Amino acid sequence: MNAQEWIDRYVNAVGEALPLRERGDVEAEIRSLIQDELEARGAALGNPDEQTVLSVLEQFGRPETLAARYAAPRVLIGPTLFPIFRLVTTIVLLVLTGVWIFGIVVNLVLQQQGITNPFATFAGLVGGLFQVFGTIVFVFALIETFTHGKLEAEAKEQAWNPRTLPKIEQTERAKVGEVVAGIIFNILAILVFNAYPEWISAINITDGQVTSTPLLSANFLAFAPWLTVMWSLEIALSAYVLTQGRWRPLTRLLEIGLSVFGLAILGWMLVSGPLLAWPALEMPARLIVAIVFAVTAVELLVQVYRMVTRRIAGSGTPLQAA
Amino acid sequence: MHENLASELRRGLAVLAVLGLCETLQYGYSLKQRLAEAGLEVSEGTLYPLLRRLETQGLLESRWEVVDDQRPRRYYLLSTAGKAALAQLTAEWKNLVDTLERLGIGKEVTV
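As you go down the protein sequences, you meet chains A and B in turn. Reading the first sequence from the start, the letters are residues 3 to 324 in the numbering used here. Reading the second sequence from the start, the letters are residues 8 to 118 in the numbering used here.
It should be emphasised that the hints constitute simulated quantities derived from the structure, not laboratory data. One should not assume that every hint holds.
Partner residues aside, some chain A positions facing chain B, computed with beta carbon under 8 Å [said to hold, decoys possible]:
| # | residue |
| --- | --- |
| 1 | Ser34 |
| 2 | Thr67 |
| 3 | Arg71 |
| 4 | Val101 |
| 5 | Trp102 |
Pair by pair, the computed Cβ-Cβ distance ranges are [to be verified]:
| # | chain 1 | residue 1 | chain 2 | residue 2 | range |
| --- | --- | --- | --- | --- | --- |
| 6 | B | Glu72 | A | Gln53 | 46 to 52 Å |
| 7 | A | Gln61 | B | Val104 | 29 to 35 Å |
| 8 | A | Thr166 | B | Glu72 | 52 to 58 Å |
| 9 | B | Ala43 | A | Glu18 | 29 to 35 Å |
| 10 | B | Leu20 | A | Glu18 | 28 to 34 Å |
Being a predicted model, the structure only gives us computed values, none of them experimental. Don't be surprised by glycine CBs; every beta carbon is placed ideally from N, CA and C.
Chain A with its partners taken away, still in its complex shape (with noise of 0.2 Å):
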C-alpha cells in the first residue's frame, strides 16, 4: 500500500472519533505533525518509505486514545445529572411496574379469567420498562447537550456548606437473595391463585384412570384477590429495596404493615367458612392456616422489637468533638 495512504487512514480515523466541530482543524495538525515525524527521520517530502510511516504512525498510538485526548471528555448524562436521572428513572419504573401489577389484578378480579399468556405478559412489562427508560435517558441526554457542561461548571462554582450534609439513615444491607426469592414466590402465588387454581388439587388414581378434584373452596378462592394485593404490593417494596440495596426504616415500616395486611386477611380466613372442597382435609388445613398465623405474628414482633432496638441504638450516638 502507498505509505500516503496509511496516513490518510490514520488521520481519517483520529478525525471520525472527534466531533466534527473540532474535526478539520486537528486533521490538519496532526497530519503536519507526521510530516514533521517523517522529516526528522529524513524521509523524503511526498515520499516516505511505508516502514517509517507505520513507525511513526505506531508512535502516535491507537487513532481513538489521541481522539480521546484532544476532545474535551462526552457524556451522555454527567456527574451533576446523573442523581437526579437514576432517582426519577428508579421512581418512574417502580411505579409502572406498580401500575402493571394493579392492572392486571384489576383484570383477574373483574373478568374472572386468568392470564392466557404469562410470558407474553411479562415480555409485554419488560419491553414497555425498556421504552421507558429509552425515553428518560434521551430527555436527560438532550439536557445534559442543551446545557452542555454548564451544570457542571455551575456545581463547582456554588460554595459548600458542610452543615448541608444529609444525616445519617439507620440502613441495613439487603439480602438480594432472599429479596429475589420472595419477589419468584409473590409473582408464582399470583399466577397459580388467580390464573390457575385447579393445579392445587387432588390427583386420584382408580383402575389406572388419573383424575384430579380440586382442593380449595369457593371461600378460600374469595380470598384469592386480597392476598394478590398483598402479594403485588410485596413484589414492588421488594424491587425497591433491590434497587436501593437496602433497608431503611421507611421500607421496614412498609415491611410490618404488609405483614399485619397478611395477618388480618389469615385471621379472617381462619374465622370464615371451609378452606378446602374437602371437609375430610379441613381441620390439617386450618391447622397449617393457624400455624403460619402464629409465624406471620412472630415475625412481625421480631421486626418490631428490632426496629425499636435500632432506633434507640441510633438515637443514643451523639456527635462528640475528637
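For chain A, the structure is supplied; the task is to place chain B on it using the hints.
Relative to the frame of chain A, chain B by itself:
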C-alpha cells in the same frame, strides 16, 4: 514497576515545561525534541493534545505558517495570560521542591 506514577508526574511537569519553552515560537515536533534532549520524554499522544488544551485555556496562541513554501505547520507562542500562568506555576514548582526538601524527600537514601 511504577511507570504509571512516573508518567503521571511527567505529564504534570510537561505543562510547566511547555509553557516555559513557548516563550519563543515553537511547533509540536520542536517541543518534543527540546523536552527529550533535556531528559523529559513525553509521548506524542500526550504532548500534542496538551498544546491544544493550553490554547483552549488561552495560555498559548497558535498560527499556521507555510514551511519551505510546501506545507502548513502550526506554531505556538505563550499568550499574555500564559505568561502570568507560567510565573505562577514556576513559583509553585519552587515551593513544592522546597517543601519536599524540608520533608527530607529526594535526599540520597543511605542504608
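So, against the hints stated earlier in the document, which numbers end up violated here?
4, 5 and 6
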